[in-house]
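6 protein chains.
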Amino acid sequence: MNGPVLFVTRKAHFNAAHKLFNPLWSKEENEACFGKCANEHWHGHNFDLYVTIKGIPSVDTGFVMDLKKLKVIIENEVVEHLDHKNLNLDVPFLKDILPSVENIAVVIWERLEPHLPANVKLHKIHLIETVNNSVEYYGPNTPF
Amino acid sequence: MNGPVLFVTRKAHFNAAHKLFNPLWSKEENEACFGKCANEHWHGHNFDLYVTIKGIPSVDTGFVMDLKKLKVIIENEVVEHLDHKNLNLDVPFLKDILPSVENIAVVIWERLEPHLPANVKLHKIHLIETVNNSVEYYGPNTPF
Amino acid sequence: MNGPVLFVTRKAHFNAAHKLFNPLWSKEENEACFGKCANEHWHGHNFDLYVTIKGIPSVDTGFVMDLKKLKVIIENEVVEHLDHKNLNLDVPFLKDILPSVENIAVVIWERLEPHLPANVKLHKIHLIETVNNSVEYYGPNTPF
Amino acid sequence: MNGPVLFVTRKAHFNAAHKLFNPLWSKEENEACFGKCANEHWHGHNFDLYVTIKGIPSVDTGFVMDLKKLKVIIENEVVEHLDHKNLNLDVPFLKDILPSVENIAVVIWERLEPHLPANVKLHKIHLIETVNNSVEYYGPNTPF
Amino acid sequence: MNGPVLFVTRKAHFNAAHKLFNPLWSKEENEACFGKCANEHWHGHNFDLYVTIKGIPSVDTGFVMDLKKLKVIIENEVVEHLDHKNLNLDVPFLKDILPSVENIAVVIWERLEPHLPANVKLHKIHLIETVNNSVEYYGPNTPF
Amino acid sequence: MNGPVLFVTRKAHFNAAHKLFNPLWSKEENEACFGKCANEHWHGHNFDLYVTIKGIPSVDTGFVMDLKKLKVIIENEVVEHLDHKNLNLDVPFLKDILPSVENIAVVIWERLEPHLPANVKLHKIHLIETVNNSVEYYGPNTPF
Chain V
1 MNGPVLFVTR
11 KAHFNAAHKL
21 FNPLWSKEEN
31 EACFGKCANE
41 HWHGHNFDLY
51 VTIKGIPSVD
61 TGFVMDLKKL
71 KVIIENEVVE
81 HLDHKNLNLD
91 VPFLKDILPS
101 VENIAVVIWE
111 RLEPHLPANV
121 KLHKIHLIET
131 VNNSVEYYGP
141 NTPF
Chain E
1 MNGPVLFVTR
11 KAHFNAAHKL
21 FNPLWSKEEN
31 EACFGKCANE
41 HWHGHNFDLY
51 VTIKGIPSVD
61 TGFVMDLKKL
71 KVIIENEVVE
81 HLDHKNLNLD
91 VPFLKDILPS
101 VENIAVVIWE
111 RLEPHLPANV
121 KLHKIHLIET
131 VNNSVEYYGP
141 NTPF
Chain H
1 MNGPVLFVTR
11 KAHFNAAHKL
21 FNPLWSKEEN
31 EACFGKCANE
41 HWHGHNFDLY
51 VTIKGIPSVD
61 TGFVMDLKKL
71 KVIIENEVVE
81 HLDHKNLNLD
91 VPFLKDILPS
101 VENIAVVIWE
111 RLEPHLPANV
121 KLHKIHLIET
131 VNNSVEYYGP
141 NTPF
Chain P
1 MNGPVLFVTR
11 KAHFNAAHKL
21 FNPLWSKEEN
31 EACFGKCANE
41 HWHGHNFDLY
51 VTIKGIPSVD
61 TGFVMDLKKL
71 KVIIENEVVE
81 HLDHKNLNLD
91 VPFLKDILPS
101 VENIAVVIWE
111 RLEPHLPANV
121 KLHKIHLIET
131 VNNSVEYYGP
141 NTPF
Chain Z
1 MNGPVLFVTR
11 KAHFNAAHKL
21 FNPLWSKEEN
31 EACFGKCANE
41 HWHGHNFDLY
51 VTIKGIPSVD
61 TGFVMDLKKL
71 KVIIENEVVE
81 HLDHKNLNLD
91 VPFLKDILPS
101 VENIAVVIWE
111 RLEPHLPANV
121 KLHKIHLIET
131 VNNSVEYYGP
141 NTPF
Chain W
1 MNGPVLFVTR
11 KAHFNAAHKL
21 FNPLWSKEEN
31 EACFGKCANE
41 HWHGHNFDLY
51 VTIKGIPSVD
61 TGFVMDLKKL
71 KVIIENEVVE
81 HLDHKNLNLD
91 VPFLKDILPS
101 VENIAVVIWE
111 RLEPHLPANV
121 KLHKIHLIET
131 VNNSVEYYGP
141 NTPF
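Chains as they are written, first to last, in the working numbering: chain V, 1 to 144; chain E, 1 to 144; chain H, 1 to 144; chain P, 1 to 144; chain Z, 1 to 144; chain W, 1 to 144.
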C-alpha cells in the first residue's frame, strides 16, 4: 500500500484508585520512598489516555483506521477494566505489578497491540496522571 | 470602607480516593443506586477546587486579600487533610458524611469560612470532580 | 426539605453545522450583517454544553440529582437531536429559528426544563461555540 | 423590547509586564507585603480577559450584540493599550493606580462601559492572571 | 550554519463544515461506513491546527523564524481558504479529496511547505478535530 | 538494566518579564524586527515548562525517576532563577543571551542536564510562551 503515513490519536479516560506500595518493603520503607502516595487507604486520579496509531489512509474512506472501532477496542481491553477500579486490587492483568503510571502504560500497550488491524501499528501510549505528571511509551523496541 | 466590590478566586487541588456507599443499605442497593461509583475497593479523582472571596481592594495594596495568605488557609484547612487521602476513611471532618462532591463542597465551606479575615466574605466553593461533573456552593443562606 | 442548596453542572457536547442567515433578507444583506458566518454552504463548530441544576442533596445519596439520569435527559432531549446535524435544516424544534448560539441556548432550556424531577430547578444553560464566544441563559424570568 | 435575557461572553488577551509596588512605601516594606511580585525589574503574565454583556437577542439576527463589534471595542479600548506594555509605566489610564489584577479589572470596566450600545448592559469583567489567580467585577453597584 | 536545532510551533484555527461521504458509494454504504459523520446535510468542527517548523535560531534575533511571518503564511495558504467554509464544496485544493482529518492534514502540509524560508524545514502538521480525535503528519518521507 | 524504555514528563511554570531587543541594533531596527515585543519597558508571560526524561522503570518502585526529586532539580536550577524575574536583567546565566523562547529552552536544557541521575537521559525541553507559540528542544545532538 502506498501513500502518506499519518499518526492518529484517540482519547479515553478512566478514574481509578491506587497506591504506590512495594509489598517486599516495610510500611516505613514505603513511606520513605513513595511519601503520601503510599497511603495504605489509597488515593486516586482521573487518568487521561491518548492512544496513537500509525498508518496510511484508505483511499475509500480517508481513514487510517475507523476510530469508532479503535474506541471499542480501547473500551473493551482497557477502560472497562480500569475505570472506577482499584488498580492494586481489582485488575487481573495488573496483579503483581506496582501500578505506577509507567507500569500502567506498558500494560495498556500490551493489551491493545494484539487487537489492532494488520494495516496499522500501535505507535504511542500517552497516559496523564495529573496536569504535572505524565508518561509516554513507544513499545518494547524503543532504544535507550 | 468604600470602593468597588470584587470577587477573587484562588485554585487548589487534591487527589483522593472515595466510594459512594450508604452504610444503611445492602451492597445490592448501593450498586443499584451508585453503579460503578459504589465499587467496594474505591476509585479516585483529581479534584480541582476554586475558592472565591468577595471584598473591596485595599488602597495600599490593590488586594481584596493577600492570596498568599488565602493559599495557606486552603492548604492548612483543606488540602493537607484531603490530598492523597481516602475520603471515606482518613478524614475526621468527613466522618459519617457520604463523600459526594456536593457534601465535600459544603464541608470545605465550613472549614474555610471561620478563617477568613473580617473584611472579606467567602462567596463560593467550586469543586470539580471530572471534566463532566462539578458543583458550586454559595453558603448556607442560599435560597432554593 | 431542609439543607444546603447546591448548583450541580453536567457537561455534554455536540458537533454541528449551521449558518447565520435571515431568510427575509437578501444574500448581500446577510453577508453585510453576518460576514463569513453567512456562507451559504455552512460552517460548523464543536459545541460544549454545560447544564446546571439547583437543589438540596439527598441525605441518602449525597446527590442533588443522580447525574447518570441527568446525562440521559440531556442525551435524549438535546444531544441526539443536534449532534452531527445541520442546525438550520435537520432539527424540527429549531425550525424557523435563526440558530445563533443565543437562540440555541434558549431552546435547550425549553427542551430540558420539563424533564427535570420536581425537587430540582434548572438554573443555567452555558453553551460554548468557540474558545472566544459563549452564552449563558438563566431562564425566562431573568430581569434585564 | 421583549424576549429572553442572555449573557454573552467574548474572550480577549494581552501579555504585559507589571510589578506590585506601593511608591509610598520603602523597598523593604514592598517586599514584605508583595514578596517576589515586588521585584523592581518587573515580571509579567499572559492575561486572559472575558467580557460578559447582557441583553435580549434581536429577532432579526439572533444576536444580543454583534460580537465582531464587541471585539473591536475591546481591542480599541483595552487590548491595544495593555498588550505588550508595562502596566506601571506605559498606560495613561493606569497612572497612579497600583496594577493589581483587581484594580486592572475595575479600569477595564470603566473603559468599556461607555462604548456599549444602549440595548445591552455590561455585566462582568473576568480577568485571569494565572491558572491559580483570577478576579471578577460586576460593576460599581455590587453590594458587599 | 551552526547551533542548536529547535522545533517551533505556531497555533491557528478554523471552523468548518464537512461530511464524510464517498461519492462512489450508495447512501446506505456511506452510512454503514461513516455513521452520523455521513449526514448529507453536513456537520462541523472547530479545528485547531499546530504547525511545527525546525531550524537553528538566528544569532541576531534568537528566532528560528519570525513567527509573525509564519502566521501570515498559515493565514494566506490555509486559514482563509478553510475558515467558515464547507470542506467538501468550497475549497478548490480539496476538490475530489474526501475531507477526513487525515487527508486535510496532508493537504495543509503541501500548501505550507513551498512557502517556508530555505533555512527552516516543515516538521509536523498537528490537526485536532475534537478533544477525542487528532492526527499528526510528518511529511511524505515518513517510514511506515 | 533491562526493561521497557519510557518517557516521563514533569510540568513547572514561571512568570517573567522580558523584551526582544538586540543591543547591537538601533531602537528603530529593533522595532522593525521585533515589533511590539521590543517595547523598551518590557512585557511578560506565564511560561509553562515541560521537562521530559527517558529511562527504564525500576523494578522496586515502578519509577523511571522519583518525580519529587526531578521537581526539586527543576525548582533549584530553573524556576527559582526565572520566576518573577526580568529575563534580560536578573538572570546571570542569561547574561548576553537574547531571551527568545528558543534561547531560554536551550539554557534550561544546559542547566538541568548535569543534575540528572546516571540512569536517565534528558529527552526534551518543551517551553510554552503563549497558547499560540511554543518550542521544543531535544539537545545539542539533534540533526537538522
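Hints were generated in silico from the structure; no laboratory data involved.
Be aware that a few hints might be false.
The list treats identical chains as interchangeable, and a pair is accepted whether it falls inside one copy or across any two copies.
To be verified - Taking lysine-lysine pairs in the DSSO-like style, the calculated list, with each CA pair at most 30 Å apart, reads:
{"hint": "1", "residue 1": "K124", "residue 2": "K69"}
{"hint": "2", "residue 1": "K124", "residue 2": "K27"}
{"hint": "3", "residue 1": "K71", "residue 2": "K27"}
{"hint": "4", "residue 1": "K68", "residue 2": "K27"}
{"hint": "5", "residue 1": "K121", "residue 2": "K68"}
{"hint": "6", "residue 1": "K69", "residue 2": "K121"}
{"hint": "7", "residue 1": "K11", "residue 2": "K54"}
{"hint": "8", "residue 1": "K36", "residue 2": "K69"}
{"hint": "9", "residue 1": "K36", "residue 2": "K95"}
{"hint": "10", "residue 1": "K36", "residue 2": "K68"}
Cross-check of the supplied hints:
1. Taking the closest pair of Cα atoms, K124 and K69 come within 30 Å of each other both inside a single copy (17 Å) and across two copies (26 Å).
2. For the homomeric pair K124 and K27, neither the shortest alpha-carbon distance inside one copy (35 Å) nor that between copies (35 Å) is at most 30 Å.
3. Taking CA atoms no more than 30 Å apart as the test, K71 paired with K27 passes between copies only; the shortest distance there is 24 Å, against 40 Å inside one copy.
4. Within a single copy, K68 and K27 get their C-alpha atoms only as close as 45 Å, which misses the 30 Å cut-off; across copies the closest is 19 Å, which meets it.
5. Taking the shortest Cα distances, K121 and K68 sit within 30 Å of each other inside one copy (17 Å), while across copies they are farther apart (34 Å).
6. In this assembly of identical chains, the alpha carbons of K69 and K121 lie at most 30 Å apart only when taken from the same copy (15 Å versus 35 Å across copies).
7. When the C-alpha separation of K11 and K54 is checked against a cutoff of 30 Å, the pair qualifies both within a copy, at 15 Å, and between copies, at 23 Å.
8. In this homomeric assembly, K36 and K69 come within 30 Å of each other (Cα to Cα) only across copies, at 14 Å, whereas the closest approach inside a single copy is 39 Å.
9. In this homomeric assembly, K36 and K95 come within 30 Å of each other (Cα to Cα) both inside a single copy, at 22 Å, and across copies, at 21 Å.
10. In this assembly of identical chains, K36 and K68 lie within 30 Å of each other by CA distance solely across copies; the values are 11 Å between and 39 Å within a copy.
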